[in-house]
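The chain contents come next:
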Amino acid sequence: DQQVKQNSPSLSVQEGRISILNCDYTNSMFDYFLWYKKYPAEGPTFLISISSIKDKNEDGRFTVFLNKSAKHLSLHIVPSQPGDSAVYFCAASGNNDMRFGAGTRLTVKP
Amino acid sequence: DTAVSQTPKYLVTQMGNDKSIKCEQNLGHDTMYWYKQDSKKFLKIMFSYNNKELIINETVPNRFSPKSPDKAHLNLHINSLELGDSAVYFCASSQGFGTSGFNEQFFGPGTRLTVL
Chain U
1 DQQVKQNSPS
11 LSVQEGRISI
21 LNCDYTNSMF
31 DYFLWYKKYP
41 AEGPTFLISI
51 SSIKDKNEDG
61 RFTVFLNKSA
71 KHLSLHIVPS
81 QPGDSAVYFC
91 AASGNNDMRF
101 GAGTRLTVKP
Chain X
1 DTAVSQTPKY
11 LVTQMGNDKS
21 IKCEQNLGHD
31 TMYWYKQDSK
41 KFLKIMFSYN
51 NKELIINETV
61 PNRFSPKSPD
71 KAHLNLHINS
81 LELGDSAVYF
91 CASSQGFGTS
101 GFNEQFFGPG
111 TRLTVL
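Protein chains in written order, with the working numbering: chain U, 1 to 110; chain X, 1 to 116.
The hints are simulated quantities; they were obtained by calculation from the structure and are not laboratory data.
Every residue, glycine too, gets a C-beta built ideally from N, C-alpha and C.
Any given hint might turn out to be false.
What the hints assert, rightly or not - Here are the simulated BS3-like pairs of lysine-lysine, each with C-alpha atoms no more than 27 angstroms apart in a straight line: (1) 44(X) x 22(X); (2) 71(X) x 22(X); (3) 36(X) x 22(X); (4) 56(U) x 71(U); (5) 5(U) x 56(U); (6) 19(X) x 71(X); (7) 71(X) x 44(X); (8) 71(X) x 36(X); (9) 41(X) x 71(U); (10) 44(X) x 68(U); (11) 19(X) x 41(X); (12) 36(X) x 19(X); (13) 71(U) x 54(U); (14) 40(X) x 109(U); (15) 22(X) x 67(X); (16) 109(U) x 68(U); (17) 22(X) x 40(X); (18) 40(X) x 5(U); (19) 71(U) x 44(X); (20) 9(X) x 19(X); (21) 9(X) x 44(X); (22) 36(X) x 5(U); (23) 44(X) x 5(U); (24) 67(X) x 9(X); (25) 71(U) x 40(X); (26) 68(U) x 56(U); (27) 44(X) x 19(X); (28) 44(X) x 67(X); (29) 109(U) x 5(U); (30) 9(X) x 41(X); (31) 36(X) x 71(U); (32) 68(U) x 41(X); (33) 71(X) x 5(U); (34) 67(X) x 109(U); (35) 71(X) x 9(X); (36) 36(X) x 9(X).
Said to hold, decoys possible - Residues of chain U placed beyond 10 angstroms of chain X at every Cβ, according to the derived structure: (37) 11; (38) 13; (39) 22; (40) 28.
Using the sequences plus the hints, can you model the full thing?
What follows is the structure in structure tokens.
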């Protein structure tokens, strides 16, 4: 039961360009969304979050957009840097439940 | 100065054995979690503890039991290990549980369990 889906297992972009990672969810009870970044052999690290009362949250090069009607959120990284290369997990929470997507592997080429 | 630590990092064992994974956080958080990352790379929450009380218990087999001796520790005990238990297990912690259910969590480095 994949309530949170990241349909792109991988994404490759050129350094300096924009990276857009997408996430879809099915459970309308989710009202808080988070993005985590994971390097190999490390645990995920929190990147940015957004509450359902907002449609955009920005933190430096990272911006998360939420479209509640479409049950879709996206993470924009601009400009992308080689150090951003990692696996990005989308997570959704609400009603004492939390689900993660399967992750998208981002590769930023120099 | 590790915030959330897990031991061991790797664990290889035979089917039927009983094993434990330890987790400690030095962030002063009051909520700790265990996650399982399966072969398809999905992170699934198994347990969370808030103020030494279990507040979420997903439908994991009762062979898995979390033990929290104090607020800074949440250990995972697994009895009668099975092949399907092979996975990476992550411990995490957060301050509070959040009005929406979850706050931002800090994860440990993971423990790769291999059951032969």
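Hint by hint, here is what the structure shows:
no. : hint           : verdict
1   : 44(X) x 22(X)  : holds (18 angstroms)
2   : 71(X) x 22(X)  : holds (13 angstroms)
3   : 36(X) x 22(X)  : holds (14 angstroms)
4   : 56(U) x 71(U)  : holds (14 angstroms)
5   : 5(U) x 56(U)   : holds (20 angstroms)
6   : 19(X) x 71(X)  : holds (22 angstroms)
7   : 71(X) x 44(X)  : holds (22 angstroms)
8   : 71(X) x 36(X)  : holds (21 angstroms)
9   : 41(X) x 71(U)  : holds (22 angstroms)
10  : 44(X) x 68(U)  : holds (23 angstroms)
11  : 19(X) x 41(X)  : holds (22 angstroms)
12  : 36(X) x 19(X)  : holds (15 angstroms)
13  : 71(U) x 54(U)  : holds (13 angstroms)
14  : 40(X) x 109(U) : holds (26 angstroms)
15  : 22(X) x 67(X)  : holds (9 angstroms)
16  : 109(U) x 68(U) : violated (32 angstroms)
17  : 22(X) x 40(X)  : holds (24 angstroms)
18  : 40(X) x 5(U)   : holds (13 angstroms)
19  : 71(U) x 44(X)  : holds (20 angstroms)
20  : 9(X) x 19(X)   : holds (13 angstroms)
21  : 9(X) x 44(X)   : holds (19 angstroms)
22  : 36(X) x 5(U)   : holds (17 angstroms)
23  : 44(X) x 5(U)   : holds (13 angstroms)
24  : 67(X) x 9(X)   : holds (19 angstroms)
25  : 71(U) x 40(X)  : holds (23 angstroms)
26  : 68(U) x 56(U)  : holds (11 angstroms)
27  : 44(X) x 19(X)  : holds (20 angstroms)
28  : 44(X) x 67(X)  : holds (19 angstroms)
29  : 109(U) x 5(U)  : holds (25 angstroms)
30  : 9(X) x 41(X)   : holds (18 angstroms)
31  : 36(X) x 71(U)  : holds (25 angstroms)
32  : 68(U) x 41(X)  : holds (26 angstroms)
33  : 71(X) x 5(U)   : violated (33 angstroms)
34  : 67(X) x 109(U) : violated (44 angstroms)
35  : 71(X) x 9(X)   : holds (22 angstroms)
36  : 36(X) x 9(X)   : holds (14 angstroms)
37  : 11             : holds (15 angstroms)
38  : 13             : holds (21 angstroms)
39  : 22             : holds (17 angstroms)
40  : 28             : holds (13 angstroms)
Checked against the numbered hints given earlier, this structure breaks hints 16, 33, 34; the rest are met.
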